[in-house]
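A.B. asks: First to last, the protein sequences are chains V and S.
Quick note, the working numbering runs 3 ahead of the 1-based positions in the first sequence.
Quick note, the working numbering runs 422 ahead of the 1-based positions in the second sequence.
One or more hints might be untrue.
When the alpha-carbon atoms are kept at most 20 Å apart in a straight line, the in silico EDC-like pairs for lysine to aspartate or glutamate are as follows [unchecked claim]:
#  : chain 1 : residue 1 : chain 2 : residue 2
1  : S       : K436      : S       : D526
2  : V       : K17       : S       : D526
3  : S       : K653      : S       : E616
4  : S       : K653      : S       : D582
5  : S       : K431      : S       : D468
6  : S       : K653      : S       : D614
7  : V       : K17       : S       : D451
8  : S       : K431      : S       : D451
9  : S       : K653      : S       : E630
10 : V       : K112      : S       : D526
11 : V       : K74       : V       : E63
12 : V       : K17       : S       : D529
Calculated from the structure, these hints are not laboratory results.
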Amino acid sequence: MVQERQTYGLIRRKGAWSWLDVRGRRLGAWAFALNRLTGLGLVLYLVIHLLVLSLLTQGESRWNDFIALAKSPAFLFLDVVLFFGLLFHGLNGIRVALVGMGLGVERHKTLFWVLMTIGAVLLLLSAWKVFSSPAT
Amino acid sequence: MAEQTVQFKVFRYKQGERPSYQTYTVRVDPRTTVLRALEQIRQEQDGTLAFRHSCFHASCGTCGMKVNGQEVLACVTNVLELGTPVVVVEPLDNAPLITDLVVDMGDFYARYQPAGMPMIRESEFLPDSQVPEGVEHHMRLENCIECGLCLSACPVAGSDPLYLGPAALAAAWRMVEEPRGRDPATVLAWVDHEHGCWRCHAAFECSEVCPSNVDPAGAIMALRRELTRRKIGQLFGRR
Chain V
4 MVQERQTYGL IRRKGAWSWL DVRGRRLGAW AFALNRLTGL GLVLYLVIHL
54 LVLSLLTQGE SRWNDFIALA KSPAFLFLDV VLFFGLLFHG LNGIRVALVG
104 MGLGVERHKT LFWVLMTIGA VLLLLSAWKV FSSPAT
Chain S
423 MAEQTVQFKV FRYKQGERPS YQTYTVRVDP RTTVLRALEQ IRQEQDGTLA
473 FRHSCFHASC GTCGMKVNGQ EVLACVTNVL ELGTPVVVVE PLDNAPLITD
523 LVVDMGDFYA RYQPAGMPMI RESEFLPDSQ VPEGVEHHMR LENCIECGLC
573 LSACPVAGSD PLYLGPAALA AAWRMVEEPR GRDPATVLAW VDHEHGCWRC
623 HAAFECSEVC PSNVDPAGAI MALRRELTRR KIGQLFGRR
């Protein structure tokens, strides 16, 4: 006999906030949250990038003004933030893809730290390159 | 550690009313568990406090709840070892709330049925021991105690109500891993969709909170590996 089940009004479900609520959580949840954040950040960057490129249609002086702004230290720091997003999302994505295919599941934390170490080295090199390249 | 006074900030909810938190002061000793403290509250301070429990030793899985934001079995969670002067006690997330700390586990249990997981399995722990007369094999209960901690801790279950969830997927993998005469293809078809094993994003929080070492995340990845293997095989004309 199929019993009619009572339905209840309240479910403590956090929605998208559950992706980012890492209070008391461990490495995998932090990586998951940061992957979501950097993913959203990269999408936002792409939109901004296209908007910036549209300045080309508004004449040489508008573009040159932007290039001058892009060479400021604050803007260069944003480039480093962009590199962080790219590196984290890409390298953690490799971990998720490998683990998702059943490879390295038991060692997913080690895999994370190895990839993040590679990422940190690449980020430092990127930052050095960004800030040391002569302004042209 | 001698007896101490600890405050318990407990989630309260009665149907038709707004959820709230109520604080109780409880004397605890070094052996007091959260479940014992809740019983003490109910017996001595507030008989309306509702929570679920049965075995008191982490076998039944009924006292799953969130303590200081962590999914735990209240029966084996020592209060003083938490190390906080205020202990926040809440019901599990991602399941319909009935009252106070009690959630409706009906949907959670129902998701085990398509996986077809029997309760007992052949024991892998006694390979060399002599089997008593009249007994065919050493058998043991499946690891999963159906407590629901994994579903509550899963960030994906928090945003996708249709997600099958870690426990059901782990049960499905057990069936595929040890079919016991059944056809694993049925179970694999059941998990092979956007709200099935492919929805998991490898946060591994389910395996972290599992009190029974089921490793649901590992099982989900094993399901994916098996499905990938079969799909690649199909590309080359193999079944």
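A.B. asks: Please go over all the hints and tell whether each is borne out by the structure.
C.D. replies: Hint by hint, here is what the structure shows:
no.: 1; hint: S:K436 with S:D526; in the structure: 14 Å, holds
no.: 2; hint: V:K17 with S:D526; in the structure: 17 Å, holds
no.: 3; hint: S:K653 with S:E616; in the structure: 16 Å, holds
no.: 4; hint: S:K653 with S:D582; in the structure: 26 Å, violated
no.: 5; hint: S:K431 with S:D468; in the structure: 13 Å, holds
no.: 6; hint: S:K653 with S:D614; in the structure: 11 Å, holds
no.: 7; hint: V:K17 with S:D451; in the structure: 35 Å, violated
no.: 8; hint: S:K431 with S:D451; in the structure: 18 Å, holds
no.: 9; hint: S:K653 with S:E630; in the structure: 30 Å, violated
no.: 10; hint: V:K112 with S:D526; in the structure: 34 Å, violated
no.: 11; hint: V:K74 with V:E63; in the structure: 17 Å, holds
no.: 12; hint: V:K17 with S:D529; in the structure: 18 Å, holds
Of the numbered hints stated above, those contradicted by the structure are hints 4, 7, 9 and 10, listed in ascending order.
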